[in-house]
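Trainee: Sequence:
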Amino acid sequence: MIDYVSITPKYKNDSHFHGKNMKYLKSSNRSLQSSATLPMNLIETSGFLPVAALLAAVVLWGASFAFMRTALQTLNPWAVMWLRMIIGLFCIIPVIPGMFAGAYKKGDWKILLPTVMFQPCIYFFLESRALLFTTSSQAGIISSFVPLMVTVGAWIFLSEKLKWQNSAGICISITGVVGLTLFADSRATAVNPLLGNMLEVGAMAAAAANIILVKQLSGRYNPWHLTAMQLLAGTIFFLPGLKQILCLPSDTWTVQLILILIFLGAFVSLGAFGLYNWGMSKITASKASSFINLVPVTAVIIGWSMLGESLNGIQCIAAALVIAGVLLSQSREKDL
1 MIDYVSITPK YKNDSHFHGK NMKYLKSSNR SLQSSATLPM NLIETSGFLP
51 VAALLAAVVL WGASFAFMRT ALQTLNPWAV MWLRMIIGLF CIIPVIPGMF
101 AGAYKKGDWK ILLPTVMFQP CIYFFLESRA LLFTTSSQAG IISSFVPLMV
151 TVGAWIFLSE KLKWQNSAGI CISITGVVGL TLFADSRATA VNPLLGNMLE
201 VGAMAAAAAN IILVKQLSGR YNPWHLTAMQ LLAGTIFFLP GLKQILCLPS
251 DTWTVQLILI LIFLGAFVSL GAFGLYNWGM SKITASKASS FINLVPVTAV
301 IIGWSMLGES LNGIQCIAAA LVIAGVLLSQ SREKDL
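Numbering-wise (UniProt numbering), the sequence shown opens with residue 1 and increments by one.
Hints listed in this document are in silico derivations from the structure and should not be mistaken for laboratory results.
Careful, some of the hints might be misleading.
[Stated by the list, open to error] Dumping the calculated DSSO-like pairs for lysine-lysine here, alpha-carbon to alpha-carbon at most 27 Å:
{"#": "1", "residue 1": "Lys110", "residue 2": "Lys282"}
{"#": "2", "residue 1": "Lys161", "residue 2": "Lys110"}
{"#": "3", "residue 1": "Lys282", "residue 2": "Lys161"}
[Claimed, not checked] Simulated restraints, written as ranges between beta carbons of each label pair:
{"#": "4", "residue 1": "Asp251", "residue 2": "Ala56", "range": "34 to 40 Å"}
{"#": "5", "residue 1": "Cys247", "residue 2": "Ala52", "range": "41 to 47 Å"}
{"#": "6", "residue 1": "Trp164", "residue 2": "Gly47", "range": "17 to 23 Å"}
{"#": "7", "residue 1": "Leu72", "residue 2": "Asn312", "range": "33 to 39 Å"}
{"#": "8", "residue 1": "Met198", "residue 2": "Trp164", "range": "29 to 35 Å"}
{"#": "9", "residue 1": "Asp108", "residue 2": "Leu72", "range": "33 to 39 Å"}
{"#": "10", "residue 1": "Ile93", "residue 2": "Met306", "range": "30 to 36 Å"}
Values in this document were obtained by computation on a predicted structure and should not be read as measured data.
Ideal Cβ positions, reconstructed from N, Cα and C, are used throughout, including at glycine.
Given only the sequences and the hints, what does the whole structure look like? Please build it.
Mentor: Below, the structure is given as structure tokens:
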């Protein structure tokens, strides 16, 4: 590297050289600054950060199934959900004071209220009831249609254009999820499949409606503020779960259970939903929703690698289909 500080004094009186030297230095400095900012500009314009946020949310949601199953061996669903909501809310308290600063407009409550009611309240209520009557496999198949619901809803209510790559990618990923669930090693039988599946459809409709409303609100509201509102609504809605918590003996609260609840509250209820809301605020709702079908893939992989659950060849092919479908849905698109 040339030491310009040492050579400049030698030509101190040579104004011609000094001027050319200074121009070179300024030009070099601009080039260095430009090259330093180029990676960040590429990251921002390529949508890397939103995709990374959505993938992180998917991994956290996928990991939550195993931990949720463990927590439900000790607590009932309402108790677990209340603890998840209150832990997540406690973690995000610092952002609550500025939640409505400069964003709230008269009449926004008409959108905000159904947004927080659809997710987490109605969604978790209907899904927990659905799993009492139908099998997890059937519920998994139904849940794969959320991206399709969101794509149609975003086209109707948000005027998002229908893209053939996105639509084809969603259909491919749905096929993958169906294969992943149908060929799972499960011998469970449904008590009342018609009722259970109808409740699951209702839960997925609530999830799709929430995604569309959050996308609409994210133009003015900070996504993390919207997440805080969801946690606050969930804390109130699942308050009946506190009754069981207060009646539990002290030896119930093992270190393992406490750590699981902290993970579910801070990293899943807050982290995953916050990251997903933020990622969705940067791209279209239909593109963001396609990542949801990666959740069962993540859950199966984590269950196989960490819990020793079975994973057969057909499921591997199905998982690859889901991933291929999501990748196709994120490609450069042409209108239908």
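Trainee: Does each hint hold? Answer for all of them.
Mentor: Going through the hints against the structure:
1. In summary, the hint linking Lys110 to Lys282 is supported, as the alpha carbons are separated by about 24 Å, within the 27 Å threshold.
2. Proposed proximity of Lys161 and Lys110 is supported: the alpha carbons are some 26 Å apart, at most 27 Å.
3. The suggested pairing of Lys282 with Lys161 holds, with an alpha-carbon distance near 16 Å, which does not exceed 27 Å.
4. For Asp251 and Ala56, the Cβ-Cβ distance of about 35 Å falls inside the hinted range of 34 to 40 Å, so the restraint holds.
5. For Cys247 and Ala52, the hinted distance range of 41 to 47 Å is satisfied, since their beta carbons lie about 42 Å from each other.
6. In this structure the hint that Trp164 and Gly47 lie 17 to 23 Å apart at CB holds, the actual value being about 20 Å.
7. For Leu72 paired with Asn312, a C-beta distance near 26 Å fails the hint of 33 to 39 Å.
8. Taken as a hint, the range 29 to 35 Å holds for the pair Met198 and Trp164, whose Cβ atoms sit roughly 31 Å apart.
9. Separated by about 36 Å at the C-beta atoms, Asp108 and Leu72 satisfy the suggested range of 33 to 39 Å.
10. A C-beta distance of roughly 32 Å is found between Ile93 and Met306, which places it inside the suggested range of 30 to 36 Å.
Taken one by one, the earlier hints fail for this structure only at number 7.
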